[in-house]
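**Student:** Here is what each chain is made of, one letter per residue.
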Amino acid sequence: ASRVMVASRNYADFANEATFEIKPCDLHRLEEGPPTTAVLTREEGLHYYKTMQTIRRMELKSDQLYKQKIIRGFCHLYDGQEACCVGLEVAIKPTDHVITAYRAHGFTYARGVPVREILAELTGRKGGCVKGKGGSMHMYTKNFYGGNGIVGAQGQIFETYNMAALWKLPCIFICENNRYGMGTSVERAAASTDYYKRGDFIPGLRVDGMDVLCVREAAKFAAEYCRAGKGPIVMELQTYRYHGHSMSDPGISYRTREEIQEVRSKSDPITLLKDRMINNNLASVEELKEIDVAVRKEIEEAAQFATTDPEPPLEELGNHIYFNEPPFEVRGPNQWIKYKSLS
Amino acid sequence: AGGEILLRPAPPRQAAVSLKRRDGDRGAMRPRVTVRDALNQALDEELERDERVFLLGEEVAQYDGAYKVRGSSTPPSLRYGMGFTGIAVGAAMAGLRPVCEFMTFNFSMQAIDQVINSAAKTCYMSAGAIPVPIVFRGPNGASAGVAAQHSQCFAAWYGHCPGLKVVSPWSSEDAKGLLKASIRDDNPVVMLENELLYGVPFEMSEQAQSKDFVVPIGKAKIEREGTHVTLVAHSRPVGHCLEAASILAKEGVECEVINLRTIRPMDIETVEASVAKTNHLVTVEGGWPQFGVGAEICARIMEGSAFNYLDAPAVRVTGADVPMPYAKILEDNCIPQVKDIIFAVKKTLNI
Chain A
1 ASRVMVASRN
11 YADFANEATF
21 EIKPCDLHRL
31 EEGPPTTAVL
41 TREEGLHYYK
51 TMQTIRRMEL
61 KSDQLYKQKI
71 IRGFCHLYDG
81 QEACCVGLEV
91 AIKPTDHVIT
101 AYRAHGFTYA
111 RGVPVREILA
121 ELTGRKGGCV
131 KGKGGSMHMY
141 TKNFYGGNGI
151 VGAQGQIFET
161 YNMAALWKLP
171 CIFICENNRY
181 GMGTSVERAA
191 ASTDYYKRGD
201 FIPGLRVDGM
211 DVLCVREAAK
221 FAAEYCRAGK
231 GPIVMELQTY
241 RYHGHSMSDP
251 GISYRTREEI
261 QEVRSKSDPI
271 TLLKDRMINN
281 NLASVEELKE
291 IDVAVRKEIE
301 EAAQFATTDP
311 EPPLEELGNH
321 IYFNEPPFEV
331 RGPNQWIKYK
341 SLS
Chain B
1 AGGEILLRPA
11 PPRQAAVSLK
21 RRDGDRGAMR
31 PRVTVRDALN
41 QALDEELERD
51 ERVFLLGEEV
61 AQYDGAYKVR
71 GSSTPPSLRY
81 GMGFTGIAVG
91 AAMAGLRPVC
101 EFMTFNFSMQ
111 AIDQVINSAA
121 KTCYMSAGAI
131 PVPIVFRGPN
141 GASAGVAAQH
151 SQCFAAWYGH
161 CPGLKVVSPW
171 SSEDAKGLLK
181 ASIRDDNPVV
191 MLENELLYGV
201 PFEMSEQAQS
211 KDFVVPIGKA
221 KIEREGTHVT
231 LVAHSRPVGH
241 CLEAASILAK
251 EGVECEVINL
261 RTIRPMDIET
271 VEASVAKTNH
281 LVTVEGGWPQ
291 FGVGAEICAR
301 IMEGSAFNYL
311 DAPAVRVTGA
321 DVPMPYAKIL
331 EDNCIPQVKD
341 IIFAVKKTLN
351 I
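Chains A and B are the protein sequences, given in the same order. Per the UniProt record's numbering, residue 1 is the first one in the first sequence, and the count goes up by one each step. Per the UniProt record's numbering, residue 1 is the first one in the second sequence, and the count goes up by one each step.
Just so you know, the hints here were simulated from the structure itself, not pulled from any lab data. Be aware that a few hints might be false.
As the list claims (entries may be wrong) - Cβ-to-Cβ under 7 angstroms is the rule here; a few derived chain B residues that face chain A:
#1 146
#2 196
#3 289
To be verified - Calculated lysine-lysine pairs in the BS3-like style (CA-CA distance at most 25 angstroms, straight line):
#4 A:338 - B:347
#5 A:338 - B:221
#6 B:328 - B:339
#7 B:277 - B:221
#8 B:347 - B:277
#9 A:23 - A:297
#10 A:197 - A:50
#11 A:168 - A:230
#12 B:250 - B:339
#13 A:126 - A:142
#14 B:328 - A:338
#15 A:23 - A:61
#16 A:297 - A:93
#17 B:277 - A:126
#18 B:339 - B:221
#19 A:274 - A:126
#20 B:339 - A:340
#21 A:61 - A:297
#22 B:328 - A:69
#23 A:50 - A:289
#24 A:220 - A:50
#25 B:347 - A:340
#26 B:328 - A:67
#27 A:61 - A:274
#28 A:338 - B:339
#29 A:67 - A:230
#30 B:328 - A:61
#31 A:297 - A:274
#32 A:61 - A:93
#33 B:277 - A:340
#34 A:266 - A:61
#35 A:266 - A:289
#36 A:230 - A:50
Every residue gets a Cβ at the ideal spot worked out from N, C-alpha and C, and that includes glycine.
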């Protein structure tokens with residue numbers, strides 16, 4: 001008789017939750033930091049896994065579409081940094097406000113924009129989350145203010161720190177320290193690379209940004225700190241990006257392939273979570289594989305949509321210059337070409 | 001001299017679409033040189049010529065410059081800021097001759113106080129005691145698909161300010177000659193390059209290959225002679241005007257194409273002389289229409305002798321009056337195209 005291998009697990013076989021030791025944070029002007037253990041329920045684990053995997057595959061798909069020249073202009077990919085935006089999002093509320101710089105796709109997804117709308121925005125179609133008018137660096141949704149292209153002027157950050165501290169504003173300043181500013185390593189660029197201390201009179205945390213539980217606990221801690229009226233706090237997430245700064249940067253002229261490989265094999269955020277879940281009986285290998293398959297399918301469908309959806313209609317060119325304004329005329333490339341501007 | 005100077009030649013780049021040979025270019029050795037290589041030649045030559053000249057910029061030493069034009073490297077934490085621009089201006093005041101590169105002029109808005117209040121106005125405020133011999137250079141205007149925050153044209157903004165000189169090259173000769181002239185000029189010069197032109201090869205005359213070749217600041221160039229209408233442009237639109245002129249020539253309309261080369265001080269005399277001949281004027285620019293380069297040209301023509309020679313109102317072709325959208329179809333309709341120039345010419349000639 002032939003043998004049939006049946007792989008089936010009764011969900012009662014899984015643990016409901018597990019407790020993990022997490023790396024303690026470095027503290028600046030804080031007596032206590034976030035907890036050094038974290039409880040992960042099965043449900044949370046599956047959610048974090050799926051979210052991070054979705055972001056990972058979405059970014060890889062964007063890489064592909066960019067190389068096929070279906071995505072144009074700038075494209076700054078987030079793969080490697082998934083634990084940062086996911087850990088943050090699960091620690092804060094949907095009513096909290098988030099703003100970021102140009103490496104924004106992960107945050108856009110975490111804040112609730114569906115993959116198909118992100119990809120369609122990257123391909124410049126009318127189904128994009130901002131109708132194709134913004135592109136990679138300018139995606140928005142409720143309580144998410146982008147996506148910004150011109151960032152960083154150091155002076156402005158210090159002015160902001162001053163005002164936030166003076167007025168005790170409930171603000172978490174997050175630095176995703178991925179070791180490089182474009183092609184310059186942090187050691188070559190910064191007089192001090194302890195970014196979590198750079199708020200000076202503002203307390204700070206340095207967090208392992210490759211561990212979603214670390215990020216979650218730190219973000220929870222930071223959010224509670226702010227909500228308690230204690231003022232702003234700085235959070236430095238130590239993370240890594242596998243891609244270069246943008247799609248025009250191969251990312252290997254200023255760092256070695258070995259370095260990238262090492263991070264991938266030892267610190268990948270998705271692998272870290274997967275191993276934890278499997279080793280602690282929170283999920284099975286097959287189950288996670290099923291999630292992978294479902295994610296791949298979702299990304300494929302989104303990419304299909306993003307490549308077949310039509311471009312925005314020409315009438316859209318003049319719209320949304322102002323808000324809440326009666327319609328007016330906008331001049332095109334000459335005085336005879338006019339567009340209508342609707343709010 | 002200060003600053004790191006990287007002596008690595010720019011890596012060879014794939015040439016983009018070649019321009020057609022202009023009529024009359026025969027004979028002598030005319031190598032095709034990309035704008036990027038022409039800029040690098042100019043920097044090489046001026047660095048060698050004067051030890052006070054040094055380069056300062058963003059991501060240039062190892063990243064090969066954002067667009068592969070080389071220079072020394074400033075930490076990217078300062079890259080968009082007042083910081084490195086202020087350092088450059090101070091160095092100029094102290095007697096050096098910095099060439100300060102912005103990744104694009106969009107980022108110069110972070111540093112604009114240094115450009116205007118420290119660089120442009122100081123000679124005047126000090127009654128000539130403190131000159132500021134600095135060059136600010138970098139890509140300006142629309143690229144392809146880089147959306148609203150990275151596509152603005154600053155010709156009108158900088159052209160507005162007394163104390164600054166503002167140049168806007170089109171061809172490789174323009175780029176090389178104007179950069180050399182800018183570095184040798186004792187005043188702050190803003191050089192507005194164009195990202196899409198960096199990879200475009202142009203023929204370089206023998207003259208242009210000399211180490212002392214400069215294109216004078218404040219002098220426009222007639223790229224194509226004509227009798228029916230004057231087209232005035234700067235930067236990439238000069239190429240579009242020449243294309244439009246080729247197409248119109250087949251219909252018997254001969255356009256005179258003027259490459260402004262300098263925004264400030266503007267060579268309005270060349271435009272006036274041309275209008276006196278053709279009686280019709282179309283200005284073309286990438287920037288927004290309001291308070292733009294074309295608006296200034298029209299105002300000056302009205303104020304001067306050429307007004308009496310106009311047979312029809314002057315027409316401006318510009319970028320659309322909206323922040324630059326990302327989607328290709330929208331972006332294409334926001335940038336002045338060859339068809340828009342042809343349309344404007346026919347409108348003004350009433351044909």
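**Student:** Are the hints correct? Go through all of them and say.
**Tutor:** Consistency of the hints with the structure:
Taken as an interface hint, residue 146 (chain B) checks out: its beta carbon lies about 5 angstroms from the nearest beta carbon of chain A, inside 7 angstroms. With a cut of 7 angstroms, the hint placing residue 196 (chain B) at the interface with chain A is violated, because the nearest CB-to-CB distance is about 12 angstroms. Residue-level restraint check for residue 289 (chain B) holds (minimum Cβ-Cβ distance to chain A is 6 angstroms; threshold 7 angstroms). For the proposed pair residue 338 (chain A) and residue 347 (chain B), the alpha carbon gap of about 16 angstroms is at most 25 angstroms, so the pair holds.
A C-alpha spacing of about 32 angstroms is found between residue 338 (chain A) and residue 221 (chain B), which places the hinted pair above 25 angstroms, so the restraint is violated. Restraint check for residue 328 (chain B) and residue 339 (chain B): satisfied, since their Cα atoms lie roughly 17 angstroms apart, inside the 25 angstroms limit. Restraint check for residue 277 (chain B) and residue 221 (chain B): the C-alpha separation of about 16 angstroms stays at or below 25 angstroms, so the hint holds. Taking the CA atoms of residue 347 (chain B) and residue 277 (chain B), the gap is near 19 angstroms; set against the 25 angstroms cutoff, the hint holds.
Among the hinted pairs, residue 23 (chain A) with residue 297 (chain A) is inconsistent with the structure: their alpha-carbon atoms are about 35 angstroms apart, more than 25 angstroms. The hinted pair formed by residue 197 (chain A) and residue 50 (chain A) fails the criterion: a straight-line CA distance of about 33 angstroms is larger than 25 angstroms. Simply put, residue 168 (chain A) and residue 230 (chain A) have alpha-carbon atoms about 6 angstroms apart, close enough for the 25 angstroms limit, and the pair holds. For the given pair, residue 250 (chain B) sits about 15 angstroms from residue 339 (chain B) by alpha-carbon distance, which is consistent with the 25 angstroms threshold.
Proximity of residue 126 (chain A) to residue 142 (chain A) is assessed by CA-CA distance (about 19 angstroms); at most 25 angstroms being required, the pair is judged to hold. The suggested pairing of residue 328 (chain B) with residue 338 (chain A) holds, with an alpha-carbon distance near 19 angstroms, which does not exceed 25 angstroms. Taking the CA atoms of residue 23 (chain A) and residue 61 (chain A), the gap is near 32 angstroms; set against the 25 angstroms cutoff, the hint is violated. The suggested pairing of residue 297 (chain A) with residue 93 (chain A) is violated, with an alpha-carbon distance near 29 angstroms, which exceeds 25 angstroms.
In summary, the hint linking residue 277 (chain B) to residue 126 (chain A) is not supported, as the alpha carbons are separated by about 48 angstroms, beyond the 25 angstroms threshold. Of the supplied pair hints, the one linking residue 339 (chain B) and residue 221 (chain B) holds, its CA atoms being roughly 23 angstroms apart against a limit of 25 angstroms. In summary, the hint linking residue 274 (chain A) to residue 126 (chain A) is not supported, as the alpha carbons are separated by about 37 angstroms, beyond the 25 angstroms threshold. Restraint check for residue 339 (chain B) and residue 340 (chain A): satisfied, since their Cα atoms lie roughly 21 angstroms apart, inside the 25 angstroms limit.
Taken as a hint, the residue 61 (chain A) and residue 297 (chain A) pair is honoured in the structure, with Cα atoms around 12 angstroms apart against an allowance of 25 angstroms. For the hint linking residue 328 (chain B) to residue 69 (chain A), the alpha-carbon distance of about 12 angstroms falls within 25 angstroms, and the restraint holds. Distance hint between residue 50 (chain A) and residue 289 (chain A) is fulfilled; the C-alpha atoms sit about 10 angstroms from each other, no more than 25 angstroms. Between residue 220 (chain A) and residue 50 (chain A) the CA atoms are separated by roughly 21 angstroms; this keeps the pair inside 25 angstroms, and the hint holds.
Under the criterion of a C-alpha separation no larger than 25 angstroms, the hint pairing residue 347 (chain B) with residue 340 (chain A) is consistent with the structure, at around 22 angstroms. A threshold of 25 angstroms between alpha carbons decides the hint, and for residue 328 (chain B) with residue 67 (chain A) the separation of about 17 angstroms falls inside it, so the pair holds. The suggested pairing of residue 61 (chain A) with residue 274 (chain A) holds, with an alpha-carbon distance near 22 angstroms, which does not exceed 25 angstroms. Of the supplied pair hints, the one linking residue 338 (chain A) and residue 339 (chain B) holds, its CA atoms being roughly 16 angstroms apart against a limit of 25 angstroms.
This hinted pair does not check out: residue 67 (chain A) and residue 230 (chain A) have alpha carbons roughly 47 angstroms apart, beyond 25 angstroms. About 20 angstroms separates the Cα atoms of residue 328 (chain B) and residue 61 (chain A), which keeps this hinted pair within 25 angstroms; it holds. Proximity of residue 297 (chain A) to residue 274 (chain A) is assessed by CA-CA distance (about 20 angstroms); at most 25 angstroms being required, the pair is judged to hold. Between residue 61 (chain A) and residue 93 (chain A) the CA atoms are separated by roughly 29 angstroms; this puts the pair beyond 25 angstroms, and the hint is violated.
At roughly 38 angstroms between alpha-carbon atoms, residue 277 (chain B) and residue 340 (chain A) are farther apart than 25 angstroms, so this suggested pair is violated. This hinted pair checks out: residue 266 (chain A) and residue 61 (chain A) have alpha carbons roughly 24 angstroms apart, not beyond 25 angstroms. At roughly 20 angstroms between alpha-carbon atoms, residue 266 (chain A) and residue 289 (chain A) fall within 25 angstroms of each other, so this suggested pair holds. Distance restraint check for residue 230 (chain A) and residue 50 (chain A): the Cα-Cα separation of roughly 34 angstroms exceeds the 25 angstroms cut-off, and the hinted pair is therefore not satisfied.
Of the hints listed earlier, those the structure fails to meet are numbers 2, 5, 9, 10, 15, 16, 17, 19, 29, 32, 33 and 36, in rising order.
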